[in-house]
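Using the sequences provided together with the hints, build the complete structure.
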Amino acid sequence: MRTLDLHGLTWPEAQAAFVEFYNQALRRTGANASGRLDVVHGYGSTGTGGVLRTRLRGFLERQQTFLEFQAGESWDGNPGHTLVVPLKPLPVVAEGLEEEIWAYCATPRTLSKIAGKFRRHGDSEVARVIKVLERQQRLGSVSKGAIKLYQAVSPG
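In the working numbering, the protein residues as written are 996 to 1151.
In short, the hints are calculated from the structure, not lab data.
Please note: incorrect hints may appear among the correct ones.
Once the Cα atoms are required to be at most 30 Å apart in a straight line, the calculated DSBU-like pairs of lysine-lysine come out as [said to hold, decoys possible]:
#1 LYS1143 / LYS1126
#2 LYS1139 / LYS1126
#3 LYS1143 / LYS1108
#4 LYS1139 / LYS1112
#5 LYS1143 / LYS1112
#6 LYS1083 / LYS1126
#7 LYS1112 / LYS1126
#8 LYS1108 / LYS1126
#9 LYS1139 / LYS1108
Here are the computed distance ranges between Cβ atoms for each label pair [what the hints assert, rightly or not]:
#10 ASP1118 / THR1005: 17 to 27 Å
#11 PRO1150 / GLU1120: 16 to 26 Å
#12 ARG1114 / SER1069: 36 to 46 Å
#13 MET996 / LYS1143: 44 to 54 Å
#14 THR1005 / GLN1132: 18 to 28 Å
#15 VAL1046 / GLN1132: 22 to 32 Å
#16 ALA1141 / PRO1007: 30 to 40 Å
#17 ASP1000 / GLN1059: 18 to 28 Å
#18 ASP1000 / GLY1140: 46 to 56 Å
#19 SER1138 / LEU1004: 36 to 46 Å
#20 GLU1056 / ASP1033: 17 to 27 Å
#21 LEU1106 / THR1049: 17 to 27 Å
#22 THR1005 / GLU1056: 12 to 22 Å
Just so we're clear, the structure is a prediction, and the values are computed from it rather than from any experiment.
Virtual Cβ for every residue (Gly too), placed ideally from N, Cα, C.
Spelled out as structure tokens, the structure:
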């Protein structure tokens, strides 16, 4: 079993590292259970689950056509890692912008707030990603008076 340690990384860094590690492992072993991956993310010091654990498992939930996974706590009692079985290559994540916007919208946000937060990517790219997230039903919109707010939709 190959191991990837994500400790100390931000979520965008961890996501990019995971996708690269996953795709390399799949190329080496093909789609079989002997190619199982052990992804170490930590359990979080707050006791409610760390950022990497929460974000990684949410990401894996949305990728179930590409992989299978099992939480460490159901495997060996350790919530600080997740076991992943690669089935098909994952699409490469473009700078993690989708994940960043989705996470930012855990609290409802206006388009101008989202565009301001991610201005380094440009307004058209932010608008494109918002549309992608809406099509994937990962981002919903609600109206509060004349104001349109975008909010992340939890998987499941």
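Taking the hints in turn, this is what the structure says about them:
no.	hint	verdict
1	LYS1143 / LYS1126	holds, 14 Å
2	LYS1139 / LYS1126	holds, 20 Å
3	LYS1143 / LYS1108	holds, 11 Å
4	LYS1139 / LYS1112	holds, 21 Å
5	LYS1143 / LYS1112	holds, 17 Å
6	LYS1083 / LYS1126	holds, 25 Å
7	LYS1112 / LYS1126	holds, 17 Å
8	LYS1108 / LYS1126	holds, 16 Å
9	LYS1139 / LYS1108	holds, 15 Å
10	ASP1118 / THR1005: 17 to 27 Å	holds, 24 Å
11	PRO1150 / GLU1120: 16 to 26 Å	holds, 24 Å
12	ARG1114 / SER1069: 36 to 46 Å	holds, 41 Å
13	MET996 / LYS1143: 44 to 54 Å	holds, 46 Å
14	THR1005 / GLN1132: 18 to 28 Å	holds, 26 Å
15	VAL1046 / GLN1132: 22 to 32 Å	holds, 23 Å
16	ALA1141 / PRO1007: 30 to 40 Å	holds, 33 Å
17	ASP1000 / GLN1059: 18 to 28 Å	holds, 24 Å
18	ASP1000 / GLY1140: 46 to 56 Å	holds, 47 Å
19	SER1138 / LEU1004: 36 to 46 Å	holds, 37 Å
20	GLU1056 / ASP1033: 17 to 27 Å	holds, 18 Å
21	LEU1106 / THR1049: 17 to 27 Å	holds, 26 Å
22	THR1005 / GLU1056: 12 to 22 Å	holds, 20 Å
Checked against the numbered hints given earlier, this structure breaks none of them.
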